[in-house]
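Here the protein sequences line up with chains A and B, keeping their order. Take 1 as the starting number for the first sequence in the UniProt record's numbering and just add one per residue. Take 1 as the starting number for the second sequence in the UniProt record's numbering and just add one per residue.
Hints were generated in silico from the structure; no laboratory data involved. It should be emphasised that the depicted structure is a prediction, and the values quoted were computed from it without experimental measurement. Heads up, the beta-carbon is just placed ideally off N, CA and C, and yes, glycines get one too. Treat the hints with care, since some could be wrong.
To be verified - Here's a subset of chain B near chain A, in silico, CB distances under 8 angstroms, partners left out:
no. : residue
1   : E178
2   : A210
3   : S214
4   : D266
Number of protein chains: 2
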Amino acid sequence: MGVVVPMEKGRPQAEADLNDLVALVADGMARVNTTILSRTGSEVTMIPEVASHLIASGGKRLRPILTLACADLCGYQGGEGAVKLAASVEFMHTATLLHDDVVDESDMRRGQVAARIKWGNEASVLAGDFLLGQAFRMMVEVGSLRALDILSAAATVIAEGEVMQLTAAKNTETTEDEYLAVIRAKTAELFAAACEVGPVLAERPRPEQAACRSYGMNLGIAFQLIDDALDYGGSSAELGKNVGDDFREGKITLPIVLAFRRGSEDERAFWRRTLQEGAIEDGDLETARTILRRHRALEDTVERARHYGAMARDALALFPQSPTKAALLQAIDFCIARAH
Amino acid sequence: MGVVVPMEKGRPQAEADLNDLVALVADGMARVNTTILSRTGSEVTMIPEVASHLIASGGKRLRPILTLACADLCGYQGGEGAVKLAASVEFMHTATLLHDDVVDESDMRRGQVAARIKWGNEASVLAGDFLLGQAFRMMVEVGSLRALDILSAAATVIAEGEVMQLTAAKNTETTEDEYLAVIRAKTAELFAAACEVGPVLAERPRPEQAACRSYGMNLGIAFQLIDDALDYGGSSAELGKNVGDDFREGKITLPIVLAFRRGSEDERAFWRRTLQEGAIEDGDLETARTILRRHRALEDTVERARHYGAMARDALALFPQSPTKAALLQAIDFCIARAH
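So here's chain A without its partners, still in its complex pose (with noise of 0.2 angstroms):
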């Protein structure tokens, strides 16, 4: 099952990719790419093999690509800063995913088994750490006070976002409020430093940095919640992950915290048992899919979606018109699209 999302209303959405944006950076990430294999490099061993291993196994990149585009949005001269910005937003993405993988004892990743299956947890945490480490090190390079400030600002938050979502984990009763706010936390506000660090880099004024900054959080946003619907509606190809992974680990996210309070108390005894007590047994997912269909709660994700999409395409509104402009927004259509 697809979800069916309708077309926006007179916002034609055929070339909904990130082609463009891609090719607008695409010389920066070459160097983004570079920095980030020579900084991966250790003395001690395991260490490179581990950090390698998540970081050589693919994944977009989107979040240094919107630092190199938000810093070209801004007018940012091609200088070294912005690549090692970039790379530092991409290490501390890889830092989380190693140290959520232990957390969450998850078995695989990108398709591929975890690290913390091939080298176990500790390695995990570690290569999690010197990862951090090498981030911070390439900010204090980059010698911008103020994205130092950002970036680590968002370093804590985002550990913050890990402790709510352990507190609110596989509770049933989780509220969309308290939801959102863990993945604000968790996910977006990495976007939103990511972003907001472009204008910061080109020195531009404070309602420029708030327009980035907002872009990426409510991008984030809506990244997630379509990342959940298409974790019960999707193909594995555009989700680089298994349709049911987040049930199986009985994860608490958006469609769920619909289905389970529209839902009667019959269900609500379902994700329970499934979720909670993770007693999930055969033909289980397909009956999660039928109750989310009852409820509407996968269309209702991606309506929830499209008004943080809204919101981030607004943020973009002061920018005057440029190809850099264009293809940020072309993003948002994207995020939202691949529920498609």
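Keeping the supplied structure of chain A fixed, place chain B upon it in accordance with the hints.
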């Protein structure tokens, strides 16, 4: 110009008024009103007059109604506790209005001359403080530490919201996120607290408290956004103030945030002149409305409000069907349908 709000898909809004809600809590509200009158008394000259001036001037008393209704929704059996907390909530609201008028240098409130014009700024500030004090005394009499915690935290957040607004005031480059943070604190927090103390009094478990809090918070945001839209498009009758008041006071509300960002340089110069510099000339309000229309700023403000309304609706989905639940859901429709 009315704001044209398309009917929400499949959800008839024929009976979008507050009558059911008002009728359900009519007995309780009669006692709240008696309590309010008895607690505005003071030996000190002027305090009763200043306090009563605003209290007697009407207003929907939506916040204490929500306290009573949420207590009722959670099976609270009509003691004096809910009545006293409801009166406290209304006193907190009245105190912030008295203080607001001083901060904003407003001349009118609820269609009559503001207390500060009649008795001076000092008396308005101090009468507000008196009401806040009385609110806390009533809360203490109720004896629920949890309710005291919720309402006193709200008082702090509201004050923070006022200060945030001072900082953001007259800044046409305010982002939507920044504006939302202000109205969350200034307006929605008291709605949230008013609702949350209901299940607290009824000694219901945390999920019901969180649900009522979330309902109140999102209803409060939707309520404020519709108020913002009505200020440029409604009739004075439904608004309780005159169309264009926000404009004349240079208030940056969501319609302005959207139109400013979406507008041309000429239009931005217009908003800076009128709102930031306060140089308003004849015909400017009409121009403002034309620009807002050009960018669909009012329609999209209502669209945003609808998103928060949907969140408020889902927050209550946990509760079984009851007349009180139905009336609380109707209150959401009422809030949004005001923009018709």
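Do the hints match the structure? See the list:
1. E178: holds (7 angstroms)
2. A210: holds (5 angstroms)
3. S214: Because about 5 angstroms separates S214(B) from the closest Cβ in chain A, which is inside the 8 angstroms limit, the hint holds.
4. D266: Violated, because the Cβ-Cβ distance from D266(B) to chain A comes to roughly 14 angstroms (cut-off 8 angstroms).
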